[in-house]
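Asker: Following the hints, put chain B in place on chain A, whose structure we already have.
Quick note, the sequences are listed as chains A and B, same order.
Oh and the first sequence: position 20 is 20 in the UniProt record's numbering, straight run, nothing missing.
Oh and the second sequence: position 125 is 125 in the UniProt record's numbering, straight run, nothing missing.
Treat the hints with care, since some could be wrong.
Where chains are identical, the list cannot tell them apart; a pair therefore holds if satisfied intra-copy or between any two copies.
[Claimed, not checked] Quick list of in silico lysine to aspartate or glutamate cross-link-like pairs, EDC-like style, CA-CA up to 20 Å: (1) 262 <-> 25; (2) 105 <-> 36; (3) 142 <-> 33; (4) 118 <-> 131; (5) 96 <-> 36; (6) 217 <-> 66; (7) 59 <-> 94.
It is worth saying that the hints were derived from the structure and are not from the lab.
2 protein chains.
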Amino acid sequence: MVYLTDVLAFISGFFIINILANSNDILFNEDYEFIDLSYPFDKNTIYSPVSQNFMFIKKIGHFDDEGSWYASNDFAAGEHGGTHIDAPYHFKVDGKYVGDIPVDKLIVPLIIVDISSKVNNDSNFVLYKHDLDYILNDNMRKPCFIVFKFGWSKFANDKSKYLGITKNNTYNFPGISGEVAEWITSSYKNVVGIGVDTASVDKGSSTDFPVHKATAKAGLFNVENVKLDQHVPEYGCTALILPMKIALGSGAPLRLVAICPKRS
Amino acid sequence: MVYLTDVLAFISGFFIINILANSNDILFNEDYEFIDLSYPFDKNTIYSPVSQNFMFIKKIGHFDDEGSWYASNDFAAGEHGGTHIDAPYHFKVDGKYVGDIPVDKLIVPLIIVDISSKVNNDSNFVLYKHDLDYILNDNMRKPCFIVFKFGWSKFANDKSKYLGITKNNTYNFPGISGEVAEWITSSYKNVVGIGVDTASVDKGSSTDFPVHKATAKAGLFNVENVKLDQHVPEYGCTALILPMKIALGSGAPLRLVAICPKRS
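Isolated chain A, as found in the complex (with noise of 0.2 Å):
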């Protein structure tokens, strides 16, 4: 038997839990997972060849008189290799900084659309607005930041396979056709930006660049290198995009992480 008393007091338990429940019982409450989609920064990691690659300019490391350790290094690096963002301002002369790019557009819901299927490992892949009708029917009109899986971070231990570095030194790997970018920036006004696990949201082989140019031109980002190589749900995942604060930074070094559901 239930006596409304009891049922009461449950109902005033889901309030206590409600009004009490912060960021941080969500968090971590154990149904969360936090998954790293940035790769990391060393001398391997693949820039443009008009970038200056990661590499350490001073490094110190040595124990003083006492016997303590003390390390300190310096760096240079190209704003646009590894895992990186580009602010609207690399295709857009007065666009946003990455310095400009407010955390309330970095930290947004994630949806992943997986088309690793489709590209089925072809280098010369280009998505076009067919190969998405499925997504056009999501909650898309949410702010959001939408990763394309072409499938290719499984080559990236391979830089010249992951590029596609062909005999004249020229690149070839999948990517976003203009006609998406444009279709993207113009329908849904509450997409962010956009991400790729390739070295570039337009095709290896692109020399105009229609995607660069159509999100800059809308005021969005792109996250390229995305480190796709694990599991991540295509819904329901929070993007933590942050990359370092470079005032007038084109693009800048990134840290990408998704808060996911546990898998049950």
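Answerer: Relative to the frame of chain A, chain B by itself:
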């Protein structure tokens, strides 16, 4: 009159809400705000004299023949300047590098210990254990990141004042005592890192760095130059401590953001 069916429907509604709730529903329901606790990296960023100041080493920014803008820069920087993390390796030869710190130690509850009224702008202030009795009874047995607020961010636009540069070119700003560092690392094993709104966890005039040594020995990280020129609740926030993932880094530029309940 309350019907039991209504009550049960109400309860089941709560169940549905709770079952469906994910991190996105919680974080983006207008109850939280994201507070950026990071200084920008530019020519004014504060570094120690032994570190490379942030600088662009190549700046590209031009219109091509077809009128399209393209910008891309390379930069150099020390690991230890601006808002940054110290990995245990900074002061312990076999301590973790930046790239080895797992993300579940970088997304943790945030506790701000506001001692700014005790400091009272005194650049000779050192924090001892007796200053901290009031946090003994709090929930510090859970994993957390503790930031000590000395009230020093208000001087950040005046490097000489912020660092307390003396006639002899030594530094003079407040810090934590070795006693407090030992107490944190020995009593509260779940503290994963400590932060300060000054340039170092050790006082500016320190030459033996007891705090750095204690935290490194215990496997904790430090965060220095936390930007605390704004209100951040002392409890209830989540810290996102996401450094540039320098694989072998003794430290790294850091984006530090707090997810906090909005003030009513």
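Asker: Look at each hint and say if it fits the structure.
Answerer: Hint check results:
Taking the shortest Cα distances, residue 262 and residue 25 sit within 20 Å of each other both inside one copy (15 Å) and across copies (16 Å). Both within a single protomer and between protomers do residue 105 and residue 36 lie at most 20 Å apart by alpha-carbon distance, with minima of 19 Å and 12 Å respectively. For a Cα distance limit of 20 Å, the shortest separation of residue 142 from residue 33 across copies, 17 Å, qualifies, whereas the shortest one inside one copy, 23 Å, does not. Proximity of residue 118 and residue 131 under a CA criterion of 20 Å is satisfied intra-copy only: 8 Å inside one chain copy versus 62 Å between copies.
Proximity of residue 96 and residue 36 under a CA criterion of 20 Å is satisfied inter-copy only: 17 Å between copies versus 26 Å inside one chain copy. In the homo-oligomer, the alpha carbons of residue 217 and residue 66 lie at most 20 Å apart only across protomers (16 Å), although the nearest pairing inside one protomer, at 58 Å, exceeds that limit. Proximity of residue 59 to residue 94 under the C-alpha cut-off of 20 Å is restricted to the inter-copy arrangement: shortest distance 16 Å between copies versus 37 Å within a copy.
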